[in-house]
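Single-letter residue listing:
Protein chains: 2
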Amino acid sequence: MVPNEEHLFQGIHILGELYGIEAELLDDVKLLEDALKEGIEASGATLCGFQTKKFEPQGVTILGLLSESHASIHTYPDKGALFFDAFTCGDRCQPVRIAEALIKALKPGKSNLKSVRRGEDTGTGAPLTLESEKVFTEETSESVSVC
Amino acid sequence: MVPNEEHLFQGIHILGELYGIEAELLDDVKLLEDALKEGIEASGATLCGFQTKKFEPQGVTILGLLSESHASIHTYPDKGALFFDAFTCGDRCQPVRIAEALIKALKPGKSNLKSVRRGEDTGTGAPLTLESEKVFTEETSESVSVC
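Same order as they appear, the protein sequences are chains A and B. Residue numbering for the first sequence follows this note's numbering, starting at 1 and increasing by one per position. Residue numbering for the second sequence follows this note's numbering, starting at 1 and increasing by one per position.
Hints are supplied without guarantee of correctness; some may be wrong.
Copies of the same chain look alike in the list, so a pair counts if it works inside one copy or between any two.
As the list claims (entries may be wrong) - Capping the alpha-carbon separation at 25 Å, the derived lysine-lysine pairs in DSS-like fashion look like this:
1) LYS53 x LYS104
2) LYS30 x LYS107
3) LYS53 x LYS107
Think of the hints as simulated: they come from the structure by calculation, not from any bench. In this text the structure is predicted, and so the values were computed from the model without any measurement.
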């Protein structure tokens with residue numbers, strides 16, 4: 001975030017669900033954190049730290065605090081699925097890259113991603129409504145560019 | 001989250017921006033954490049822990065890891081504004097209560113809140129698209145019910 005004159009009150013929020021993932025991958029904390037780190041680096045954001053919780057009997061939540069906001073995953077091994085979001089303030093980062101890194105690491109059978117532009121258009125001073133920009137529904141193969 | 005048979009792969013994600021807040025409130029970590037705690041309790045969710053970062057020269061990010069997913073704020077004292085989101089899996093919690101607690105504590109001049117239903121409709125097995133349900137634009141007075 002680093003709110004200063006260079007950082008506008010606006011950003012892009014990616015919401016997504018990935019389906020059809022092998023269950024053991026969704027309980028592998030190191031794999032999940034490594035994929036998030038790789039994606040955060042590719043997005044141009046800066047990772048300040050992870051808060052990670054492994055649930056019993058299964059499932060992992062990882063919250064990444066970014067200088068530009070946050071990224072999270074919540075995994076459901078019994079469903080072969082996870083929830084993902086990544087929000088980056090300003091216009092410098094590409095949070096969809098984080099989703100791409102997860103897709104590369106986890107090879108889901110299907111992914112739904114939505115991009116929401118948030119905040120104020122400081123060019124005009126007018127608040128932007130929280131509007132949907134795009135909805136992706138991809139039947140993914142090994143590697144898919146989602147944006 | 002606690003993914004088990006009682007927890008469906010679905011949930012509600014609230015995205016919001018609050019505007020017109022006194023700058024010093026947006027740098028007050030204790031006030032912000034207390035408001036989030038109060039809201040999380042009211043929502044019916046369980047807080048596992050906060051990850052908090054105070055930025056220089058100003059601004060705070062707080063990520064709350066919930067048993068049911070997460071809640072976050074990113075404040076911009078120089079803009080008198082903050083970004084908020086709260087995601088709760090399952091159908092037991094009301095994440096909008098967290099936004100209401102922030103509104104009560106910070107008394108913004110305006111709030112934009114959006115509710116997004118996410119995940120799979122396990123009744124039919126069909127994935128739900130990430131659809132917008134409602135957009136609120138409230139000129140808030142002391143206390144506003146946003147949902």
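Looking back at the numbered hints, which does the structure fail to meet, lowest number first?
-> none
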